[in-house]
Amino acid sequence: MDKFIKLSSAAIPLPIENVDTDQIIPARFLKATDREGFGENLFRDWRFNKEGNVNEDFSLNNPNYSGRILVAGDNFGCGSSREHAAWAIHDYGFKVVVSSFFADIFKGNSLNNGLLPVQVSPEYLQELFTEIKKDSTTQIEVDLEAQKITIKSTGSETNFEINNYKKMCMINGYDDIDFLLSSKKEIEAFESARV
Amino acid sequence: MKKTLFDKVWDAHVVKEVQNGPQVLYIDQHLIHEVTSPQAFNELEQRGIPVFRPNQIVATADHNTPTIDQHLPVKDLLSRNQLAQLTENCSKNDITLYGLGHKYNGIVHVMAPELGITQPGMTMVCGDSHTSTHGAFGSIAFGIGTSQVAQVFASQCLLLQKPKSLRVNVNGKLKPGVLPKDVILYVIAKLGTNAGTGYFCEYAGNVFEEMSMEGRMTVCNMSIEMGARGGMIAPDETTFEYVKEREFAPKGEAYAKKVAYWKTLPTDEDAIFDKEYHFDATDIAPMITYGTNPGMGIKITENIPTENNASFEKSLAYMNFEKGQSLIDQKINYVFIGSCTNSRIEDFRVAANYIKGKRKADRVTAWLVPGSQQVASQIIDEGLNKIFEKAGFKLRQPGCSACLAMNDDKIPEGEYCVSTSNRNFEGRQGQGSRTILASPLVAAATAIEGKIVDITKNLN
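For the protein sequence lines, the chains are A and B, in the order given.
Note that the numbering used here gives residue 130 to position 130 of the first sequence, counting from 1, and the numbers run on in steps of one.
Note that the numbering used here gives residue 167 to position 167 of the second sequence, counting from 1, and the numbers run on in steps of one.
In short, the hints are calculated from the structure, not lab data.
Any given hint could be a false lead.
With a straight-line Cα cutoff of 27 Å, these simulated DSSO-like cross-link-like pairs (lysine-lysine) come out [stated by the list, open to error]:
1) K185/A <-> K162/B
2) K50/A <-> K331/B
3) K185/A <-> K16/B
To be clear about the criterion: a stretch of chain B counts as covered by chain A if any three or more of its residues have a C-beta under 8 Å from a C-beta of chain A, and this derived list gives those stretches [what the hints assert, rightly or not]:
4) 12 to 23
5) 28 to 42
6) 139 to 153
7) 192 to 202
8) 310 to 320
9) 404 to 412
10) 428 to 434
Here the structure is a predicted model, which means the values were calculated and not measured.
We treat Cβ as the ideally placed atom computed from N, Cα and C, and that holds for glycine.
Turn these sequences into a full structure, and let the hints steer you where they fit.
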């Protein structure tokens, strides 16, 4: 898994609430059997119309916006457990998703793929949208070690929560399998104690 | 300390605790399907890790399978490849697979309970968010991502933070025509799509106690639609009777021993939940959704609310509905009865009972997709297929079908579909399709009339 320590980047705004995983990656693209290439179809039906033409109004298609941070509306990633959603966002080039609320499974899937979900207050999220709207090149700094996100132009910053164990994993690029395999003896002992 | 049903099952499965971190939770039963497992198998292979407990895994093919001509090779090349990979991965790793055409094949959340794989007090996972269905038996069951599928393959465990607890109580007498689907759509409409995020939900009250196992599964199935990772209902005589004698259920003395344990699982009186809600059953009516998330539901006779909010307006624009509009008499061309929410025998009985002696409206395409081969056989054994055929409904073969439209069962662009499935997201049933979630009874009535009607008027 990719490591994540600190990132400073412009951001792409997606001020829509309840973005579900069917929008992030529609089911018809889940037929692949490997993890690569899902970025191509990220937000497919919002980025393109049915004829495959680019939808100019969608923020990911707006040439003014760029960067490795996606700033999205409340309850991001609800719906299906498909990890393809986290793969698609990561594969497209994002390293961070900021929202005022994340769905559970999506949050876990992101953390397992080096994509950092940063949950901020609804007020701070609004501030982010406002600043990005004012200046699309607004730099945003996400510092995982300090658990802090900062809008560079205004200096406005806020802290975010992350489980200590998951933080350690993200910073070092560890994943859960390594940890679980190291617990094999205890797992076997647990099994025999139950029978 | 007083414990909840959830606490009891969870605590019995904790292998160890990471200091200031998550817990290692042991998983009794792992269910897999073709869409979310291939990358997990690849990961294990790349790392040279064997599958730790293959006999605690059961596989089925359901998400990406055709619902006609299942005896023929699957036409879509990518789907065929995905199914072939599942077969190969299962045989390489000694995992039981009920593939296409097998008499036990079906939607993972329909076939596992009917085979007695699902039992009270278990921990169960599957790479599918509707795994919450199995909580109907008083098990802890939840959806996981593919990385976690790989973790369970490798260790039969997951690293998890214990969720908070939530209880939804519904007491009173349900009105005629109000089905379990209406109860859960009502609860989600009241609480919203993220009220349960971070929580495990227990459903309690006489309404759930009086429900069949099929009904309880419908309710628990949709827990994820209010954000809860899982839903649970305390096991009772209804549960024990359902599990008894099923293929993989414990038998004889082993069964009696299990039942004695299962009886200790219900939440202790005075146990405290982090959050608790109470609803009056008499306030619940047949429900429908009008928007693009399952929380956007109303009683069938109500008007669409008038909210001033960009996301709400975007949703109505997609559905081509107006604020304040009534959906009664809304013309409908597609009806889908199926999915892991409502494709069990009871759902088809309800539909058949209403349809009997009637004929569907000419313009309506009505698909009936049983949840499993066993449900399909039962439909024939009970003669329901004759009722459906006479009424002009198309009975198809088991699978997830038009719930997520990964196969060819897609609703055309711009069309409305009254569907017994669980999600009305944009494009969920096909690009540009518009989904209206409802119970099997409302769906059946819609197919007959070719429009949404107030079914309560036709009952009594």
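The hints, checked one at a time:
For the given pair, K185/A sits about 22 Å from K162/B by alpha-carbon distance, which is consistent with the 27 Å threshold. The hinted pair formed by K50/A and K331/B meets the criterion: a straight-line CA distance of about 24 Å does not exceed 27 Å. At roughly 11 Å between alpha-carbon atoms, K185/A and K16/B fall within 27 Å of each other, so this suggested pair holds. Judged by the Cβ-Cβ criterion of 8 Å, the region 12 to 23 of chain B is covered by chain A as claimed, because 6 of its residues qualify and three suffice.
Taking a C-beta to C-beta cut-off of 8 Å, the region 28 to 42 of chain B contributes 5 residues in contact with chain A, enough for the three needed, and the coverage statement holds. Counting residues of the region 139 to 153 of chain B whose beta-carbon sits less than 8 Å from any beta-carbon of chain A gives 8, enough to reach three: the coverage restraint holds. Counting residues of the region 192 to 202 of chain B whose beta carbon lies closer than 8 Å to any beta carbon of chain A gives 4, which meets the minimum of three for the stated coverage. Counting residues of the region 310 to 320 of chain B whose CB falls under 8 Å from any CB of chain A gives 3; the rule of at least 3 is met.
Only residues whose C-beta sits within less than 8 Å of a C-beta in chain A count toward coverage, and the region 404 to 412 of chain B has 3 of them, enough to reach three; the restraint holds. Judged by the Cβ-Cβ criterion of 8 Å, the region 428 to 434 of chain B is covered by chain A as claimed, because 3 of its residues qualify and three suffice.
The structure fails none of the hints (numbered hints given earlier).
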